[in-house]
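Chain A is already provided as a structure; the job is to place chain B on it using the hints.
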Amino acid sequence: MMRPHALLGALVIGWVVWTGTASGDDAPRCRDHDPERNAYFGDLHVHTAFSLDASTQDTRTRPDQAYRFAKGERLGIQPFRPDGSPMRHVQLSRPLDFAAVTDHAELIGEWNTCNSEDLPGHDSWVCIMYRNWPRAAYYWMNYQASKARRHNFCGEDGRICLEAARAPWQETQEAAAAHQDRSAACSFTTFPAYEWTGGVGSTGNNFHRNVIFRNEKVPALPISFIDAPALEDFRARLSKECRDAGTGCDVLVIPHNSNLGGGLMFSPTRTDGEPLSRADAADRAAYEPLVEIMQHKGDSECHPAFSSEDELCGFEKLATNNFGSRTLPFGDHDPVARQFMRRVLLEGMQIDRAVGANPFQYGFIASTDTHLGAAGLTAENADYPGHGGAGTPVGDELPRGLPDELDFNPGGLAVVWAEENTRDALFDAMMRRETYGTSGPRLLVRFFGGWDLPDDLCASSALVRTGYAAGVPMGGILPAPHKDRGEAEGGGPAFVVSALRDPGTANSPGTPLQRVQIVKGWLDGDALLEQVIEIAGDPENGAGVDTRTCEPYGTGFDQLCGVWRDPNFDPGQHAFYYARVVENPTCRWSQQICNASSVSCDDASTVGEGLEGCCSEEHVPTIQERAWTSPIWHRPGS
Amino acid sequence: MAALFRRPLVRFLLAGAVLAVLHANLWNEAPPPPAPVVVDADTLAALRGDWVRTTGRQPSGEEVDALVQDWVDRELLARAALELGIQHHDALIRRRLIQNQRFLDASALTGADAEPDEQDDLDDGELLARAYALELERSDPVVRRRLIERMREIILSRAAATGTTTPPRALPAPDAAWLRLSHVFLSRDRNGPALRERAASLLARLRETRATPDDTGFETWGDPLPIPGRLPPSSPERLAGRLGPEFAEGLHAAPVGAWSEPIESSYGLHLVWVHERSPEPDANAQTAGSQPATAARDEASLQRALQILRQDVDVIRYDRPHRPPP
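Going down the list, the protein sequences come from chains A and B.
Just so you know, we're using the numbering used here here: the first sequence kicks off at 1 and counts up by one.
Just so you know, we're using the numbering used here here: the second sequence kicks off at 639 and counts up by one.
Be careful, since some hints might not be right.
Quick partial rundown of chain A residues pointing at chain B, CB under 8 Å, derived from the structure [said to hold, decoys possible]:
no.	residue
1	Arg-31
2	His-33
3	Asp-34
4	Arg-88
5	Ala-459
6	Ala-462
7	Thr-466
8	Gln-559
Quick list of the computed label-pair ranges, beta carbon to beta carbon [unchecked claim]:
no.	chain 1	residue 1	chain 2	residue 2	range
9	A	Ala-184	B	Ala-896	47 to 53 Å
10	A	Ala-604	B	Ala-679	52 to 58 Å
11	A	Arg-278	B	Ser-916	36 to 42 Å
12	A	Gly-572	B	Ser-916	53 to 59 Å
13	B	Arg-783	A	Ser-85	24 to 30 Å
14	B	Ala-746	A	Arg-182	33 to 39 Å
15	B	Glu-773	A	Ala-604	32 to 38 Å
Derived by calculation from the structure, the hints in this document are not laboratory data.
Being a predicted model, the structure only gives us computed values, none of them experimental.
All C-beta atoms in this analysis are idealised placements derived from N, C-alpha and C, irrespective of residue type, glycine included.
Isolated chain A, as found in the complex (with noise of 0.2 Å):
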């Protein structure tokens, strides 16, 4: 029997271990840490010139650049003057509260070399086009990347070009490790990362995935689609040298724009044509758990021609299929469902049913893919320039008209709930799916599921806590239900959605909220079945927006609720169900441009040089912004 001296020092040891585990690496140190958590606003999809395409349309903002500008800091862009001062500027009205610069790992060497005398390759051919001809460079080294093949210049296994890599991939996590707020005011989180660009096919579908670090713990070169063009090579490298490497390196990966990968981003089978297994599929949820819903090239959730219902589907949809289609005169198809993250999903289960895990369990986000380091310009204003890239770059001149591809847009936001703002709360969140995207605006979004979850949620003040404490958050799983306990007694599960519209700021108040809907998607044996529900708010409310003027008119709300329960839910059935949160109508950025342009598509003499878009069939003049949550998961036998 133990001595009560011998007990005492037991307890205080005991008490010491104890308090020193609760209160070492695990405290929270952020002082608006909140273990209901915060949502914060951020952008994932930011190229600099280190991004060859980027470089070759003259934008020069290097990765600190970008996170300062992210953080605030104005910003000058493309074009130049002769003495190298910007005659453009631009500055976010709202800093972020995170960023990740995600340069493409592809030619990242083959920039450097091309910039840099003293290195071997700078002499070139394929230098001296990209120095004096960019454009051209710009088709011809990417056409060769997306083909998974180094230039000549780059020696023999590309290792002259792997080795330039290293200088612009040591730049790039040493501005994330400056910017990196380790204050308890925890007010900016950078996240290393980079772009993994891959192409499928002769048309160049679009295989993009960026590639985000939990910490500073990187490998010692960014994995290309060159170095690794198999999807599968590709996650056995970032095992291998990340996430297995006993270094702490920890890394998730998302993809983009499916809307440009002619049905072939989530395709069901491996590359080598095998159907995906168990393994396959669990693997690839492991390093995939979200993906970047909408971006500058356009919205990826669901399309007209294969949601008929939903009427809110035509959201910025691009005038065509695939990447390469954007700038080869040949190569276009109709749509495919599969390029369209609706579909994705409702397969995604079906592989699920078949092998026992989901490869496609996506939660959602969304970025800007700016080409210009102005992470999280989305204001839908006359100001926009454009966001390079895959779009039309400016010249050395002034872009008259539209400064950006008619079809593109400003981007979105990556939102993420969390405790606090910094790397492992925000990654963590991430790898939970705790995340929803949004076209812009800031909207905040809440989005619980759960059996026995109030029907007057709505009107309580602790609708988060029972939120958490009786559901699972955007991005979850829903549990069992405990019969033993009556949970789902009352049929299937129940969700809430709390909205608030996009505060905004003092010059640009944030647009009324119109309505929320839940949208369900489910298996019924064969049968992929999707259906849209009005949760909250008011599809009819009758407001618009006099596209003249752009003034908007109507009415709309600050805050939206609704508790929505499945009367048609079965539980042997898989499903998803995510929130879709809608604004009033606001004119598009075209629009505002288009309006300050003073064209008026009566009078062809108002349409000047550049600006015919504005007067185009194809030109949609208005934007309902919106935000999409994370889908929550219905899993038989979970």
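Below, chain B alone, put in the same frame as chain A:
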């Protein structure tokens, strides 16, 4: 030889060489130096005039030099503030610019066009955008004074917090100041025209019953909002991002340890109880005995920052031969 030049490959190579030379000479130049600070005859006359009005005598040569240096330093601070974009973030400057632009617009209208109601309807955002387009922030003396004042504050608070006197290239982290508060929310959507009346009556009841946010049921006193009733310590900027700029603005007048008057947000009205504010970074918190030491330290910090700002800036005085900096 002429035949050689007609060959496409030769012409291609020659064109490439020309472009390469142009590229080397035009694209790779260093960024331009900052514009010089020009002390013209009017400025000098104004500085002398101010001196005479204050002292009743003409300034000596050394005193003129000191006046000019002070004016140049203030110009450099104003420029640094503009470079940081303070004119876009400072509420006082924004208000001043809106007023100026409204005045300019009113002056530009002829008597027939000048409908007072029409002018009142002008949107502040539009007015501000036009003021920026006209660069009014560079010409208004009140704005200039405010820019200088804010830049001094930023340099000094940065020096106090981090020890560095390098003028910042970006606005300081927005979380430098913070406050911890609880709030009772009243929804505009739910209460409609009765919103203000309900807020006033609830406030009166809270004050009368000496209720505090520590009381049981506090979170049920108002309308539901998916933002906690007890907020963690947050910066005014983050609060503005959550509840709107007018809410953050309204917090300036909120007392600590008591209920505020109703504060407007993007969603309705809030009765706010501020639990604590971050200490002010200025000298107000210093004891009387330490004030001279603080003032001397601030002056030294400011002078070091000014030395950096003065580097590479050319000062041109009309009454002196111009010697560009090395």
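To see whether the hints hold, each was checked on the structure:
| no. | hint | result |
| --- | --- | --- |
| 1 | Arg-31 | 4 Å, holds |
| 2 | His-33 | 6 Å, holds |
| 3 | Asp-34 | 5 Å, holds |
| 4 | Arg-88 | 14 Å, violated |
| 5 | Ala-459 | 6 Å, holds |
| 6 | Ala-462 | 7 Å, holds |
| 7 | Thr-466 | 11 Å, violated |
| 8 | Gln-559 | 6 Å, holds |
| 9 | A:Ala-184 / B:Ala-896: 47 to 53 Å | 27 Å, violated |
| 10 | A:Ala-604 / B:Ala-679: 52 to 58 Å | 53 Å, holds |
| 11 | A:Arg-278 / B:Ser-916: 36 to 42 Å | 53 Å, violated |
| 12 | A:Gly-572 / B:Ser-916: 53 to 59 Å | 56 Å, holds |
| 13 | B:Arg-783 / A:Ser-85: 24 to 30 Å | 28 Å, holds |
| 14 | B:Ala-746 / A:Arg-182: 33 to 39 Å | 51 Å, violated |
| 15 | B:Glu-773 / A:Ala-604: 32 to 38 Å | 35 Å, holds |
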